[in-house]
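Residue numbers (the numbering used here), protein chains in the order written: chain A, 1019 to 1414; chain B, 1019 to 1414; chain C, 1019 to 1414.
Simulated from the structure, these hints should not be mistaken for laboratory data.
Be careful, since some hints might not be right.
Since the list gives no way to pick one copy over another, a pair counts as held whenever it fits inside one copy or between any two copies.
Stated by the list, open to error - Pairs of lysine-lysine, DSSO-like flavour, derived with a Cα cap of 27 Å: (1) 1376 with 1410; (2) 1308 with 1297; (3) 1164 with 1410; (4) 1087 with 1304; (5) 1323 with 1297.
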Amino acid sequence: MEQYKYWLSEVKWPNCDLCGKDLLLTREWSTNEITQILYTAEVLHQMFKDNIAAVCFNSGVAVSQFRDKSTRTRFSFSFAANLLGLTVRDLDEEQSQVSHGETVRETANMIAFLTEIFGIRDDMFLGEGHAYMKEVAAALDEGYEKGILNQRPGIINLQSDIDHPTQTLADLLHLKRYFGSLPNLKGKKMAVTWAYSPSYGKPLSVPQGLIELMPRFGMEVTLAHPKGYDLLPEVIEAAQMNASESGGSFTMVNSMEKAFTDADIVYPKSWAPYSVMEKRTALFRKNDRKGLAGCEKESLLLNAKYKNWECSEEKMALTVAGNALYMHCLPADISGVSCKEGEVTAGVFDKYRTLTYKQAGYKPFIIAAVILNNRFSDPAGVLETLRKRKTKRVCF
Amino acid sequence: MEQYKYWLSEVKWPNCDLCGKDLLLTREWSTNEITQILYTAEVLHQMFKDNIAAVCFNSGVAVSQFRDKSTRTRFSFSFAANLLGLTVRDLDEEQSQVSHGETVRETANMIAFLTEIFGIRDDMFLGEGHAYMKEVAAALDEGYEKGILNQRPGIINLQSDIDHPTQTLADLLHLKRYFGSLPNLKGKKMAVTWAYSPSYGKPLSVPQGLIELMPRFGMEVTLAHPKGYDLLPEVIEAAQMNASESGGSFTMVNSMEKAFTDADIVYPKSWAPYSVMEKRTALFRKNDRKGLAGCEKESLLLNAKYKNWECSEEKMALTVAGNALYMHCLPADISGVSCKEGEVTAGVFDKYRTLTYKQAGYKPFIIAAVILNNRFSDPAGVLETLRKRKTKRVCF
Amino acid sequence: MEQYKYWLSEVKWPNCDLCGKDLLLTREWSTNEITQILYTAEVLHQMFKDNIAAVCFNSGVAVSQFRDKSTRTRFSFSFAANLLGLTVRDLDEEQSQVSHGETVRETANMIAFLTEIFGIRDDMFLGEGHAYMKEVAAALDEGYEKGILNQRPGIINLQSDIDHPTQTLADLLHLKRYFGSLPNLKGKKMAVTWAYSPSYGKPLSVPQGLIELMPRFGMEVTLAHPKGYDLLPEVIEAAQMNASESGGSFTMVNSMEKAFTDADIVYPKSWAPYSVMEKRTALFRKNDRKGLAGCEKESLLLNAKYKNWECSEEKMALTVAGNALYMHCLPADISGVSCKEGEVTAGVFDKYRTLTYKQAGYKPFIIAAVILNNRFSDPAGVLETLRKRKTKRVCF
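Excised from the complex, chain A in its bound form (with noise of 0.2 Å):
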């Protein structure tokens, strides 16, 4: 029973219509919006477990576009769509040659005949993935008002350059289960840091999705990065915004130390040069290929001034009582596995490997109950139709 807790008004769920509101960057969701999001996601998991189907649509496709390698998230999307009742289909730019400008707005209404969600990756270049997607989004919405799409698809932000929404959703969803409850979160200390990657140089989307998301639920982030690894104005200012409106609070220190100290979470992770995500972009839209080789060059002998941002076991000694939780969007630079050094010691990860595991395994769920908020005005009354219908997903 416990676990259907939230339809049986055990907790107050939110009731808010999110139908047809596109997901591109929670700052732009309520946090009740939010928590809407995290119970939905609680009930689809749950089902799940309980072998209830969560079939709501008979035919209907979700399209996904990965301008950025993926599994995770690729199979996170694809889980989702499934678990509705959704097939997937991608649009592989090589075999179709999209190209941003005049003909956004005609490829998004071409593959939206029968779609009822689009999921974009596109995170590698400031300034151009949030707008492709909002290209999309007014694209989609001149459609259906013309009468030419039956439908307006919802939008799913899978990574930008600004907020990467349903990681960090998930994240938010792991906290909220590892401390047992959302209100519990508030006053816990979560250092976001920068950490050492010889890989390649990673977007900026999660840490800045990390320190806007996590203050508005009282939660004081320490935001820390050498020297030149900047994270964009705007979310800076939004994380200290949400900070102060909520209780919370959001620190900047240039210190893993400092901020690991008396952390109950910490999540290092690595992230490119805000002078090379700069570059970077200047060079894509002059379509510079050699050039923005180079520029990855750049970034991996930056990066390599700070091996000693790593987390380690002296570091975590450092958290309260010496075991924070750690957290890690995977994959993770492994020192000594994956690489010969990297954002994080063999013997950290493995002592939090399954849980990191299990954040990671919040994704498709999440996903699949922002699908459902954004198609169906009652998500609430469709997981209670469901469950009273108890239909096994499988069958026997």
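Given the coordinates of chain A, work out where chains B and C should sit on it, guided by the hints.
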């Protein structure tokens, strides 16, 4: 009610049994058969709008094979399959080493064991694409006769060297809706004209398909192109015959202006020079990759002599009331937008943008209609049952 | 009626509980278990012919990973998944940077959250493919035990360095149908022989799988190959043991003619020289791409010494009544058709073409049978329920 008039016998349903009939060329289909596809597509379209599920298969596979790039048709095929309850599996020749000759027979059978429908695009080489489809058809016939296959999958031409029937049928449906009925198309003047493109040597199938199909519905079709941009002689002959049989007409001129004058509909679209098309096939058969690249350059050089073949405001002014219906199969080369100089000015395209997108939006339903007619002897009965059953597509 | 005799207890259903049992090597499965897979496949085949839906899942994902090219098995896996109601998602390693080592454990979990079944092909490197599958299996075991996964997906070997069980089980079913029953296979002489191929150094898994499996059903298997074309010693041992335990026999000779003499069945098929297989693995582990290409050349040079190892009319004349059953896993290298000189003459192949295609047609049902047995404790009960329910696959 109005939307369901077809099965409510307010129009005369042609009652053709198309079960098992491949769609390779519209020339092989009677006017009644084509009309039935249009009616079926309209009903499926309306059912989609009314949220009535059209699932006709509890399981089953639709195989697609694209030997040329595609966005619109690829997604249209996927949408159609999904609408009816089929799952799409692409045959990716790089993953599977399929080639012409002996192995077509084998591969066709191997990918047909549980398959309901094949969709094939093979459009770049004269004498190749349609021949390939016929080879697949023969292999499936034989496989079924010999008991290798449990069912004979249908075949849909998704663009060959000769015809592009799902495009031209969508175009015809667009015309039917725009002018109110099929009988209303009688006497309408349509200009099918070449237009300048800087992008690549495009297939001949769309103009060929149009000049064959439209005269059959009483339209007065004028084909216009510069010298050297001929279409297949067999198609010209068929167009002439269709015109004389149906009361429509078919004329050829060498001036865009002449074709546009007093036209009710204009369809300006680029295609490759005939000499280049012939050379391309020869090089393809010798597997001469370098030669093929050179061929492409030759095509663009020739094209560049006819940059004035652009659909402009001035040329549109020549049409009936300066207001002919502009059509395009998309994507169009739009001057100053997707290229410096192209097939159509931005002003003309913008005026008709929404209409061209709607035109494209019929294709998924045309393909679904072809599948439905190919698999069921009584498609009207199937539609009637679906309509009465009223199972929702989006379930809640 | 006859077709459903299995569950009507006109044959003795083995009643094995295979739930949760991976299919990596037939050697790990009892003869009863294998028999049950065959019975299940036959029932599913008959249900398909009778248009009875076999959908056992309302949602669920089947993940496939192909580390070598595939048409037949790729489609067979898709067909099988679709038949039972699962959606296939390919793990494309280029889109996702999966590699051996630490990350196998992680990736296996990440793509398993809502997954029912994994199908894996990894066949080119001795000591690699089966090891990889066991690594995935261990990762999934651990993930399920630790509560990361909600269910433990099954694993199906779609061809490894050691065995190709879905192929050899389809072969066995073909033999059962051809000779009327499994008991009828007792004493049948089968020649599993190397044959010349100019195409590439093929995996050892098919001949290895055959010599292990067929003696278990009382067949008298002769393996023939030129010197240097040995199979894995552990497989030879297993074949000998199986033969002595089951009343079948296993013999090795170095002449195609000897093997063909008095054979009831011949299975002539190329594979790479053992020395090349060993070298290939060493080069693969050093990631030596150039070396691997050289290795391929070496393989073909060696092969060319044995062009007379061709299945010809003359050799077929040596078999029982000159009329042995010719078998091949396809595609065959057919002399004068797909290559100048190959594994089999066009005449012999043509005579048996339909039979080889039917042989291939059992594979989708074998894979579906393995999935059904892996996911349900009482597959006979599931089939009985489906049969009684009589939901149509093609609904109208």
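Hint check results:
no., hint, result
1, 1376 with 1410, "within (24 Å within a copy, 35 Å between copies)"
2, 1308 with 1297, "within (13 Å within a copy, 35 Å between copies)"
3, 1164 with 1410, "between (40 Å within a copy, 24 Å between copies)"
4, 1087 with 1304, "both (22 Å within a copy, 25 Å between copies)"
5, 1323 with 1297, "within (20 Å within a copy, 41 Å between copies)"
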